[in-house]
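Following the hints, put chains B, C, D and E in place on chain A, whose structure we already have.
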Amino acid sequence: MDPITIIGLTIALATTFLASFMSGMNPIVIFFSSPSSIILVVGGAIGATAASGTMDQFIAFPKGLIKAFMGGPGEDPAITIKLMVDFADVARKEGLLALEERFDEINDPFFRNGLELAVDGTDPDELREMLELDVFKMQGRHKSGAAFYATCAGYGPAFGMVGTVIGLVDMLGKLDDPSTLGPSMAVAFLTTLWGAFIANYFFTPISSRLRKLSELEVASRELMIEGILAIQAGSNPRNVAGKLVSFLPPSRREEILGEKSA
Amino acid sequence: MDPITIIGLTIALATTFLASFMSGMNPIVIFFSSPSSIILVVGGAIGATAASGTMDQFIAFPKGLIKAFMGGPGEDPAITIKLMVDFADVARKEGLLALEERFDEINDPFFRNGLELAVDGTDPDELREMLELDVFKMQGRHKSGAAFYATCAGYGPAFGMVGTVIGLVDMLGKLDDPSTLGPSMAVAFLTTLWGAFIANYFFTPISSRLRKLSELEVASRELMIEGILAIQAGSNPRNVAGKLVSFLPPSRREEILGEKSA
Amino acid sequence: MDPITIIGLTIALATTFLASFMSGMNPIVIFFSSPSSIILVVGGAIGATAASGTMDQFIAFPKGLIKAFMGGPGEDPAITIKLMVDFADVARKEGLLALEERFDEINDPFFRNGLELAVDGTDPDELREMLELDVFKMQGRHKSGAAFYATCAGYGPAFGMVGTVIGLVDMLGKLDDPSTLGPSMAVAFLTTLWGAFIANYFFTPISSRLRKLSELEVASRELMIEGILAIQAGSNPRNVAGKLVSFLPPSRREEILGEKSA
Amino acid sequence: MDPITIIGLTIALATTFLASFMSGMNPIVIFFSSPSSIILVVGGAIGATAASGTMDQFIAFPKGLIKAFMGGPGEDPAITIKLMVDFADVARKEGLLALEERFDEINDPFFRNGLELAVDGTDPDELREMLELDVFKMQGRHKSGAAFYATCAGYGPAFGMVGTVIGLVDMLGKLDDPSTLGPSMAVAFLTTLWGAFIANYFFTPISSRLRKLSELEVASRELMIEGILAIQAGSNPRNVAGKLVSFLPPSRREEILGEKSA
Amino acid sequence: MDPITIIGLTIALATTFLASFMSGMNPIVIFFSSPSSIILVVGGAIGATAASGTMDQFIAFPKGLIKAFMGGPGEDPAITIKLMVDFADVARKEGLLALEERFDEINDPFFRNGLELAVDGTDPDELREMLELDVFKMQGRHKSGAAFYATCAGYGPAFGMVGTVIGLVDMLGKLDDPSTLGPSMAVAFLTTLWGAFIANYFFTPISSRLRKLSELEVASRELMIEGILAIQAGSNPRNVAGKLVSFLPPSRREEILGEKSA
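Chains as they are written, first to last, in our numbering: chain A, -4 to 257; chain B, -4 to 257; chain C, -4 to 257; chain D, -4 to 257; chain E, -4 to 257.
It cannot be assumed that every hint is accurate.
One copy or two, it doesn't matter: identical chains are merged, so the pair holds either way.
[What the hints assert, rightly or not] Below, computed lysine-lysine pairings styled on DSSO-like, alpha-carbon distance capped at 30 Å: (1) K88 / K77; (2) K138 / K62; (3) K77 / K238; (4) K58 / K207.
Everything labelled a hint here was simulated from the structure, so no lab data went into it.
What you are looking at is a predicted structure, and each value in this text was computed from that prediction instead of being measured.
Same shape as in the complex, but just chain A:
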């Protein structure tokens, strides 16, 4: 689990509250002074987003939130690379079948499943095609999931604007008492505020976070595909290491290459 999403959103909220208090306002009072603004913005954004997709996507709504908050970048690629170099060594010395005993060391089901297929003698081209199709389809599911929250983030300010215009129209239509002008406008603008709030403090970061996690998961599986195929091909462990380090930033390559040359 990578707590940065919780930390980041807490920083954003806390500094907003702190700034409000410093200016002599009570942010709780301001934000919650008009429940109807919250209902209009949240109801509109959720409703329009739901209408934009399918029932399945709507039901999966909370799952994405949990993943964004509780998920993380997954296993360090350096660990995966080390395991693969090690497996390549075993495969070279003792044959592919000797890897069967070590399947339990693999946590990732994609890696394990791919290696099993490789050891079972699946044709390399077919194996690559199958694994790449799997990653491609996963990428599609992730993209569609992240887009759902981005859609919701986009509807936030739109419904905020709708609510504010409704409020202004109502207010301007009955301008008999100028003293109510200010408070009426304040209420109207609260809808704009809530629209910007759900977009910037919640749905936009969630959507970006899910896209980033997907990017990392795709990279991790591409690394596994390259490794599995190299192991199956019986490549020299040093060459396997040399190729897979491309998936690491240069500053961390020594961890892999240093060990090998030692």
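Then chains B, C, D and E, alone, in the frame of chain A:
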């Protein structure tokens, strides 16, 4: 049929109405207080959208709406996969021609047509090319259809703005009686409201929904293409299952693979 | 000719005028009350668009307008397909050269030229490459033409805003007589109105329409390329029909396939 | 040289000035009434753009301007095609080496260099690869150059807004004398005006113009590559003409094909 | 190091300050008059950006800033090309192994590593694939880094707007004393100002700069890949020079080609 579009739009409208009532406004009165705003925005958006396309697209306008509301994600891919694995089994044991008796079990015309061509002995490469061209062309038709509603959604706020500016120019030109200022501005802003309304409560969700349904239909047909070609090639049913499960999220793969390994 | 562009723009204009009259305004008076606004917006948008391209593009400006208004989606693809299936039949039975007598039945110069090259015995791969290059270059010319009107549409609101700001700056600088405030602002906003007007009632629909017509023309030529090459290859007319129907929506395929199987 | 950029920008400026005079304003007085607005907008836009790139790009800044104003669409492709068809004729009849005497007729260094390499017997695949890499790299340089002015155009309104907000904050902070309100706001809005001015009357058209010129230069070189390779391959001049006319709009093809068939 | 980022941002800041002083304002007083605005905008933008990515990205935040300010376009490609042409000469005359003595002349680790692999006899196709994968992965890391600052730049104005709306809502809610209206609005707009400030004077230029530096580094490595493979293949130094000069603008090619032909 997937009722989420009706449900979602109902939620968006209902919460807007509820919020208005809670703030002491009558949303019906507000929304319908200026028929001219509705005429300008709806007429402008429909007219400009019609001008942006062809007569055929304009005539097909209601068809897309019906599809967005009444359509759905289609048959569960797991069912299609199971049928295909079953067919692969038959084809392997009794030959391709034995599948002819089972054509009536296939509901999807694309699947049925493709399988007929496969059983008729069409060359695999040619068959793939034909089926992929069909999907590609369908995708183009869907894209063009969804874009039509997106265009309409874009014109909504644009004509809302035009109407509001016309109202403001008229109002500012005859500022003799300040007491009419408020109501005049209210009427002017109603056009903005209607522009935002048709975009956010209707055309944008419709367009996104059509794009999503298209995405699902394309994925479903890509699955069928892979399956048909695997059946024609006489692949092992287990391999067919192993490949096609990529089209399902991991959590549902057991349904297919579990059965097979049993 | 497809009258939808004229019809659509007429609807947009007519409803705007109707709505204005219903609100007690005279739209002609409002729109034409400040000739300087029209000069600034139209002059600015045309000038900046001209500066963004080449002299050739500027000279071709009216040609695109004529095409958008007077052009149309071209011949029904079903007619082209029927002719091609017929030609495939002739080519199979009487040889490619027998088609020479029927060249005059072909209206489209691209189709005729392509078929002539096919009958002359041009190498199929070279023929496909030549025809595809031709379509690709046509697509480029169309895209560049449509982009010109889109650029113009984009400059509309930009110069509208420039004119309004000039008006506001002038007005605010000599605020001695508050009674002139309203009318001055009205004039300033007229520039915004004209900017939005030329964009939404004219240039944006024109640009979208040209893109749509181009899309249809490209699809029509891709259909011709597939057909010409299938005829040259001496394909079975039934297979030619089976492949080319992908260019039609499913609801219209019976027209072609029904006839053939009859 | 193609004077359309100078003509277009002159039209845009002249109509703005005319419109201002017609409305009883002196545009020179308005535009130059606040030198600080000009300094803030121009300084901010140039500074931020410089910071966005490299020193080399900054130094090349004036070069792009000169190209946008003084450059043009280059030689008419019809002339290039005629020369190439002529060269193909010579190469066929007298051999490739006979072209050496005619190198001086070629103005374009890319064409000349490519033809020299072709005559020197460079391998066709390698030659194509070299020439395409050259075009690809040129395209990259052009794109990066045009993007620089687009960046500058984007910063214009951004710094205009910054200056206006600074002005408003200052003005609102010392609201003791309401009579200064108007003039202060006028000055604040001048920054918005200058931001929109440098973007719409200058940097955006320049950037679009450079992109268009690049597009034409790329197309011209692609034409040369096809021609050079066809000449080297000893193609029939009629086929060379038939293929290269794709680079011309249909209305101009007769110029090439008519001559040939004569 | 390329000081243009520091110079550019200094110009942008200095002209803003100069313009403020010229208008009789003290920019320091204005910008720092409301610490709460700074806290809200900076806290919100950093917090929401952090939540959008991973902990690793957040920790690497300062590294990108240092690179943007202190980094530069790297070694002049002409120098790299000259070295490569020289190496190609050596490899041709004395064999690939003779290059080992000259490895120390190479500063760039990517170049050196690639040449070592080439000299070690790595298969050319595999070598190209390895080096291209390395560049592709580097490009991905750079893109993700630059996107982080662009995200931050996008949140700047968003949180500026949130803060301004909070301020307006608070102010409008307690409109008893009109004399405080101006100063309250001034404070509310300061948040807008800070949002625009961090975006336009800092994060947007930083993000563009990082993208530009990445583009140059990718081009530099693509040049190295072409050179290394040409050297390994024992190409003629003149051909190596002829191909690699595509990476230079035409005006600088004489430096390479002139020398060679001399």
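field: Hint numbers not upheld by this structure, sorted from lowest to highest
entry: As far as the earlier hints go, not one is violated by this structure.
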